[in-house]
Amino acid sequence: MTQPGSAYSLETHKEKSETHTMSVLVDNEPGVLARVIGLFAGRGYNIESLTVSETEHEAHLSRITIVTTGTPMVIEQIKNQLDRIVPIHSVTDLTVLGSPLERELALLKVAGTGEKRVEALSLAEAFHAQVIDSSTGHFVFEITGEQSRIEEFIALMQPLGLVEVCRTGVAAIARGAERM
Amino acid sequence: MSASMTGAQIVLQALADQGVEHIFGYPGGAVLPIYDELFQQDRLKHVLVRHEQGAVHAAEGYARSTGKVGVVLVTSGPGATNAVTGLTDALMDSIPLVCITGQVPTHLIGNDAFQECDTVGITRPCTKHNYLVKDVNQLSTVLHEAFYVARSGRPGPVVVDIPKDIQFATGLYAGLSNSQHKSYRPPKEGDASAVEAAVEAMANAKRPVFYTGGGVINAGPAASERLREIVRLTGYPITSTLMGLGAYPASDKQWLGMLGMHGTYEANNAMHDCDVMICIGARFDDRITGRLDAFSPGSTKIHVDVDPSSINKNVTVDIPIVGDCHHVLNQMLAAWKKKNPKLDKPALKTWWDQIDTWRARNCLHYKKRDDVIMPQYAIQRLFALTRDKDVYITTEVGQHQMWAAQHFHFDEPNRWMTSGGLGTMGYGIPAAVGVQMAHPNSLVVDIAGEASVLMTMQEMSTAVQYDLPIKIFILNNEYMGMVRQWQELLHGGRYSHSYTEALPDFVKLAEAYQGVGIRAEKPSELDDKILEMIETPRPVIFDCRVDKHANCFPMIPSGEAHNNMLLGDDASEEDLENAITEEGKVMV
Chain A
1078 MTQPGSAYSL ETHKEKSETH TMSVLVDNEP GVLARVIGLF AGRGYNIESL TVSETEHEAH
1138 LSRITIVTTG TPMVIEQIKN QLDRIVPIHS VTDLTVLGSP LERELALLKV AGTGEKRVEA
1198 LSLAEAFHAQ VIDSSTGHFV FEITGEQSRI EEFIALMQPL GLVEVCRTGV AAIARGAERM
Chain B
26 MSASMTGAQI VLQALADQGV EHIFGYPGGA VLPIYDELFQ QDRLKHVLVR HEQGAVHAAE
86 GYARSTGKVG VVLVTSGPGA TNAVTGLTDA LMDSIPLVCI TGQVPTHLIG NDAFQECDTV
146 GITRPCTKHN YLVKDVNQLS TVLHEAFYVA RSGRPGPVVV DIPKDIQFAT GLYAGLSNSQ
206 HKSYRPPKEG DASAVEAAVE AMANAKRPVF YTGGGVINAG PAASERLREI VRLTGYPITS
266 TLMGLGAYPA SDKQWLGMLG MHGTYEANNA MHDCDVMICI GARFDDRITG RLDAFSPGST
326 KIHVDVDPSS INKNVTVDIP IVGDCHHVLN QMLAAWKKKN PKLDKPALKT WWDQIDTWRA
386 RNCLHYKKRD DVIMPQYAIQ RLFALTRDKD VYITTEVGQH QMWAAQHFHF DEPNRWMTSG
446 GLGTMGYGIP AAVGVQMAHP NSLVVDIAGE ASVLMTMQEM STAVQYDLPI KIFILNNEYM
506 GMVRQWQELL HGGRYSHSYT EALPDFVKLA EAYQGVGIRA EKPSELDDKI LEMIETPRPV
566 IFDCRVDKHA NCFPMIPSGE AHNNMLLGDD ASEEDLENAI TEEGKVMV
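Residue numbers (the working numbering), protein chains in the order written: chain A, 1078 to 1257; chain B, 26 to 613.
Chain A on its own, in the form it takes in the complex (with noise of 0.2 Å):
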């Protein structure tokens, strides 16, 4: 059976998708991540991972990250349209310009008593993770590293009697001395 062709059906372009991390600057204004938000949500695009703050207080700029996946078209598509949003100043897409420095971080709280809190602990040391809470039957853990480091952690605590996650989404910068 042929695809049918039309600009309803564009999935047949099967291009493989990709995952670009973008860099936005935003004015820190009621609203503005509505926008956003409301772009990816009706034109059907992903976010992965979303991370927001004011970042020049003076101005009132804040800057949001995204990492979002899809076909080359669509990616381009995504800056475009993230681009004419009114209170928009730039969007970076930071994987064109070459691997972006990227780091998460993340909180664990881990409940346990006996061997598996000893492993817990000593797992934690070998990932730089911080004990920033702790009972005689848990640890509440916090750990910065790269999205795969802490996917790696997370498993490993799995079976240590992991309660809850909570993880910050990536907050991304571009190598070099230059200036976004």
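Keep in mind that the hints are not guaranteed to be accurate.
As the list claims (entries may be wrong) - Computed, partial: chain B to chain A, Cβ under 7 Å:
no., residue
1, Ile147
2, Arg149
3, Pro150
4, Pro333
5, Ser334
Claimed, not checked - Derived DSS-like pairs: lysine-lysine, alpha-carbon spacing no greater than 27 Å straight-line:
no., chain 1, residue 1, chain 2, residue 2
6, B, Lys370, A, Lys1156
7, B, Lys364, B, Lys374
8, A, Lys1156, B, Lys207
9, B, Lys231, B, Lys370
10, B, Lys207, B, Lys93
11, B, Lys393, B, Lys159
To be verified - Far from chain A by the CB rule (all over 12 Å, computed), these chain B residues:
no., residue
12, Asn107
13, Asn155
14, Glu221
15, Trp377
16, Gln379
17, Asp395
18, Arg440
19, Pro465
20, Lys547
21, Leu556
Hints were generated in silico from the structure; no laboratory data involved. Virtual Cβ for every residue (Gly too), placed ideally from N, Cα, C.
We have chain A; now place chain B onto it with these hints.
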């Protein structure tokens, strides 16, 4: 300049400083302070519509026929939600509007107050940008910014939501400033090397075609002038989208007619077979491209658009140029003149010969009848009898709209107001009200269908109130014609709910509104009745009873390619039944 005034006064001052003369609106609790200010002045003329959707369409008609920003004023809650269809229409067709909505007082926002709705939330996806003003000292800056955003780059609708307490509060008015917007700076000039590459490709073309759209019209009358200049200089054929009609004169010999689903045979075939496509201010919409994987295979595609997100969205192009059509056309002209290229005359001659054979197919032909008015004939007569008039056309949506696009020909931009992207039935009457407001001495005709027209018929009352002599020319076939046509082609002729059994008597309806009603039932009386309509200096509803079963051809069936058109006169019943493949049936 800065002076102390109330929020409501700031609104009127900002509108005056923006050069606004007319606003379209409907009062309500949350905009009463602004209406009170309106009452005490006579600089701004307010047009009271009968439904907020009508206010937005009227502002669209006003904007499209003048090139100015259209202005709407509505109340909170239902006032704002009723405006949503019009705002979405303006977003899809890139029409510059500023829509001021009242809002419940700041301290009640979020409390489910009477006539409260989350206006900025609801309108976020259907506006280019929107604002909720919470500080009266920001109000004037926001309003001026709203006008800037609405008209700059790719134009669009902007909502400014003003809580009632802000309208009463006193604050400082800041006048127009020349300072740059902090983040929104749309492109103007195109990249010089891309323009060079485009001109090079154009110069070497053997089978070129210009494909232009509403972007040329939005870039102003000067852009249309530049387009005419470059098209004549090159001698290449030109076609246009529904939105772009009028940018290039339809009476010119290089004009191929409209392209797309109901475009001409010659235009669509030229698009399919061309080797260089020069797209200016159009966006490769699905009504244009038809089947994407068979769209103009083998052509080098040049795409000029002010909105980078329109480029490579549906169709991958070879030479993208991001910039305003007017500026880029200027750049192209300069580069072309400097290059003074030697064209491949024999190849171009062959191309024009090929186009002439397509033209000879006479794709807009239909069988005339003596006993019943054919809808195409009605449009042709309307066109012929208004040729010497200063005429503006609006339409509703459906078969009549496509027949109007095919058989009413435009030689000037800003003369054709139709809902292209959203396809809003009910657009035509209020749009005609807006156009007539801007051009009181011109002939403004809404070419309509009897189904569409009933969606906003109440605006007839507006036309009567303001002595706007609009002509509502209804091609009455008692069916939602385009729905009926698709049911015939796709659904075995099962006409599910597309026939209106209880239509009003349109002549009596016109009289009930204190307008004039005219009916034509036979081809022999059509001309006299049309002339009577033109000469009536009052709003007219013209009930033109047409063939109930006429279909709109040519047509690219959905899911098919440009060179696989269905033509009217040779389409047998079997052809029609098999016109659309199983895959095509799932599409719209």
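Right, here's what the structure says about each hint:
no.: 1; hint: Ile147; result: 11 Å, violated
no.: 2; hint: Arg149; result: 6 Å, holds
no.: 3; hint: Pro150; result: 5 Å, holds
no.: 4; hint: Pro333; result: 4 Å, holds
no.: 5; hint: Ser334; result: 4 Å, holds
no.: 6; hint: B:Lys370 to A:Lys1156; result: 42 Å, violated
no.: 7; hint: B:Lys364 to B:Lys374; result: 21 Å, holds
no.: 8; hint: A:Lys1156 to B:Lys207; result: 19 Å, holds
no.: 9; hint: B:Lys231 to B:Lys370; result: 8 Å, holds
no.: 10; hint: B:Lys207 to B:Lys93; result: 23 Å, holds
no.: 11; hint: B:Lys393 to B:Lys159; result: 62 Å, violated
no.: 12; hint: Asn107; result: 21 Å, holds
no.: 13; hint: Asn155; result: 8 Å, violated
no.: 14; hint: Glu221; result: 23 Å, holds
no.: 15; hint: Trp377; result: 30 Å, holds
no.: 16; hint: Gln379; result: 25 Å, holds
no.: 17; hint: Asp395; result: 40 Å, holds
no.: 18; hint: Arg440; result: 29 Å, holds
no.: 19; hint: Pro465; result: 35 Å, holds
no.: 20; hint: Lys547; result: 41 Å, holds
no.: 21; hint: Leu556; result: 43 Å, holds
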